[in-house]
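Visitor: Each chain, written out:
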Amino acid sequence: MSAGSQGGLPPAASQHSLTEIIKDAGLWALVTLGLCFPLIAFRTEQNLSLQTALEPRPLLVLLTVAVVFVGRLLWRLYAHPSRPRRVLFPPLDLSEHRRRYGPRIGLALLLLFPVLALAFAGQGGAIKWINNFGVQILIYIMLAWGLNIVVGLAGLLDLGYVAFYAVGAYTYAIIAAYVIPATVPMLGPWAFWICLPLAGILAAFWGMLLGFPVLRLRGDYLAIVTLAFGEIIRLVLINWVALTNGSAGIQTPYITFFGLPFTSRSGQTTFSETFGLSGSPTLHRAIFLYYVVLALALLVAFVTQRMRRLPVGRAWEALREDEIACRALGINTVNTKLTAFAMGAMFGGLAGCIFGASQSLVSPRSFEFMESATILAIVVLGGMGSLLGIAIAAVAIIGGIELLRELDWLKAVFGSGFDPTQYRMLIFGLAMVLMMVWRPRGLIAAREPSISLNEAKAISSAHVKEGHG
Amino acid sequence: MRWLRDPLLVVEGLTMRFGGLVAVRDLAFSVGRGDITSLIGPNGAGKTTVFNCITGFYKPTSGLMVLSTDGPIQSQAVADLTASSRRFVCRDDKIGGGGLFLLERMPDFEITRRARVARTFQNIRLFVGMTVLENLVVAQHTALMHASGWSLVGLVGAQSYKQAEASAVDVARYWLDRIGLTHRADDAAGALPYGDQRRLEIARAMCTDPVLLCLDEPAAGLNPRESLALNELLRAIRDEHGTSILLIEHDMSVVMEISDHVIVLEYGIKISDGTPDSVKNDPRVIAAYLGVEDEEVAEAEAEVGL
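Residue numbers (our numbering), protein chains in the order written: chain A, 471 to 939; chain B, 97 to 402.
Think of the hints as simulated: they come from the structure by calculation, not from any bench.
It should be emphasised that the depicted structure is a prediction, and the values quoted were computed from it without experimental measurement.
Where is the CB? At the ideal position from N, CA and C, for every residue including glycine.
Among these hints, one or two may not hold up.
[Unchecked claim] Pairwise CB distance ranges, derived in the manner of DEER restraints:
| no. | chain 1 | residue 1 | chain 2 | residue 2 | range |
| --- | --- | --- | --- | --- | --- |
| 1 | B | Q172 | A | N805 | 22 to 28 Å |
| 2 | B | S263 | A | N805 | 20 to 26 Å |
| 3 | B | S263 | A | E925 | 20 to 26 Å |
| 4 | A | W908 | B | G291 | 21 to 27 Å |
| 5 | B | R113 | A | P573 | 53 to 59 Å |
| 6 | B | D266 | A | T653 | 53 to 59 Å |
| 7 | A | V907 | B | Q255 | 44 to 50 Å |
| 8 | B | R182 | A | E925 | 45 to 51 Å |
| 9 | B | G116 | A | G689 | 26 to 32 Å |
| 10 | B | P203 | A | A718 | 27 to 33 Å |
| 11 | A | P573 | B | G291 | 37 to 43 Å |
| 12 | B | G116 | A | N805 | 46 to 52 Å |
| 13 | A | L768 | B | G116 | 25 to 31 Å |
| 14 | A | G504 | B | P203 | 57 to 63 Å |
Okay, chain A solo, but in the shape it has when bound:
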């Protein structure tokens, strides 16, 4: 019996016979039944004698299978497979217009963010917005831009990037909390500004140190070794108690306004006293910190863009494209890789120093593998090599995770036991899967050429290689 002969059916169904559609839906129901069996068919419970007992739930299984069967049946009958697939996310339009004004608008928003936060959230709320969203997202943007040099430009997969973040944070913590008070206490208020370059230099040094042994590794092997390096640093931080105070971490002094503390501990004149400002010192500190991170992030972006137009930056990208061709063109691939590791690590170290100064405690818990994975996810999601895409991805991922904390009203819907932050990994994973389906090369996948003869044309990601170590 042909379904097409029955006038009421939509044209989609006419191509297949009804029996075939029912068979298909039946298959789906069968697969669902198979999946249900280990997942929802039984529930473990402790009975009165404290033994684990299995409570069968046949009704739930039946319901699920029925829903899938009916759903699939309706889908096959009424969905129109002949209709062209809608493009859900068309490629970002990087026309001249948007390319010119997009970053400017973004920059203006970034500069005005504390003001906007104050205006919309009031004094109390603004602290949370500036610290949790502003500073944190900017730190992650810096980190992702740093990792972008290693992964996005040079094509070296680094899974232990958090190590350099840790080096930066601990440089600040150890020097500001132990070294300066013990040697030249008068420099105390300047600790952040002394530590900032040191953190960058030390992280770059560690980047080179990691770079040497992994120079000959590629792809998966490189990823494994860098992963191990990240863990080694974390384990050293936990176990070298004499230096790092182990898992308890180090209490760090807060950042000062070029020597003027925001909150006074020993009767020093504070920032708000000097400038005659009213309002919470914590807010002042948050705003100041925000602008410091913003300035550093912009510096990182500026340096990265400049580097891309320098021979070393072009060599990074050439390395990602074809290492053997690089060697045939007189490029010292060893030095090129080391500079990429060092530059990336340096930016990570700077971000770490800011992190140290923005928190009251630096502990190894902040530098777990999950951080490396998040930073890498930002780079991949943003589109390897694209600073703008990475910034957007950082806002989406870090801002998204933070936003989940704000969704308390969901408790009214799902009951008081519902905690949206518990689902962040689920949402995170789902978002990654969807990205891989729709935009496998990231938000902004097209590559911007570093130099052009007539007019710069973005290069399709179909040509750009991802690098294999």
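Keeping the supplied structure of chain A fixed, place chain B upon it in accordance with the hints.
Guide: For chain B alone, coordinates are given in the frame of chain A:
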């Protein structure tokens, strides 16, 4: 017989062993300054291995490879250099300055950078995700790296670096014009058709300003018209730029047409060496390519015009 009078590169006793396999055995040959030298031989004869040794991608098991960018090779200077632990002597110790180089001691990038040997690959190796122009600018890495003060001068946006970059673009523009790809300068190299990619790879190698250009099967996959244009390009490179060319090629129309000197390898051993005409008539070459003499061979010979 320029390769005997004024050799640019002298290879002696070159042996390359991969475990039990001897890919090249005790090979000796010279490349004449300003010659187009062809390295031919059946598949697996060791031609690409020789290339990889010359360009430093392989460290030869043994052998001597001397290249002079500073006039004729003096045997005394070679003896002195070989006895020392140095890799090369340069006249004014400047990168790109004339000198005497022991290639077997130098790492690959240094061979391109200092001894000025450039190469292309059998399977084209362009930076496909970069534009055609970028490919040519990356090839001028050494000069630009100098001008950018190892990135420090360039990072602050110094005028000197901008000028150096502009002149690098001029060099690139010249080569784009030579290979007829100016209109595609801002396209991804991977978007070019095959023949254009082959020519771009040669242009990219020329952007390193080489004295010796090593081409691994440049005519592979080209149609007869493109093949003819390639002959013109290679002649122009030799005549106008004074760059000597070492060529691996299977296309005999290219080899016999443009070569000044042909070297034939079989099973890693040199079986013939001389002008195209003398090689063409060498019975050992005929045997290597076509097997031993018999009536069928004679027919086949007539067919391919040997």
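Visitor: A separate judgement is required for each hint: does it hold in the structure or not?
Guide: Checked hints:
Range check, Q172 (chain B) to N805 (chain A): Cβ separation about 35 Å, and the 22 to 28 Å hint is violated. Between S263 (chain B) and N805 (chain A) the beta carbon distance is about 24 Å. The supplied range of 20 to 26 Å therefore holds. Under the hint 20 to 26 Å, the C-beta atoms of S263 (chain B) and E925 (chain A), about 21 Å apart, fit the expected range. Between W908 (chain A) and G291 (chain B) the CB atoms are about 36 Å apart, so this pair departs from the stated range of 21 to 27 Å.
Between R113 (chain B) and P573 (chain A) the Cβ separation comes to about 57 Å, which falls inside the hinted range of 53 to 59 Å. The hint said 53 to 59 Å for the Cβ distance between D266 (chain B) and T653 (chain A), and at roughly 56 Å that hint holds. The hinted range of 44 to 50 Å is satisfied by V907 (chain A) and Q255 (chain B), whose Cβ atoms lie roughly 49 Å apart. In this structure, R182 (chain B) and E925 (chain A) meet the distance hint of 45 to 51 Å, their C-beta atoms being roughly 49 Å apart.
For the hinted restraint 26 to 32 Å between G116 (chain B) and G689 (chain A), the CB-CB distance of approximately 29 Å keeps it satisfied. A C-beta distance of roughly 49 Å is found between P203 (chain B) and A718 (chain A), which places it outside the suggested range of 27 to 33 Å. Between P573 (chain A) and G291 (chain B) the Cβ separation comes to about 39 Å, which falls inside the hinted range of 37 to 43 Å. Under the hint 46 to 52 Å, the C-beta atoms of G116 (chain B) and N805 (chain A), about 36 Å apart, miss the expected range.
The hinted range of 25 to 31 Å is not satisfied by L768 (chain A) and G116 (chain B), whose Cβ atoms lie roughly 60 Å apart. For G504 (chain A) and P203 (chain B), the Cβ-Cβ distance of about 59 Å falls inside the hinted range of 57 to 63 Å, so the restraint holds.
Hint compliance for this structure: hints 1, 4, 10, 12, 13 are not met, and every other hint is.
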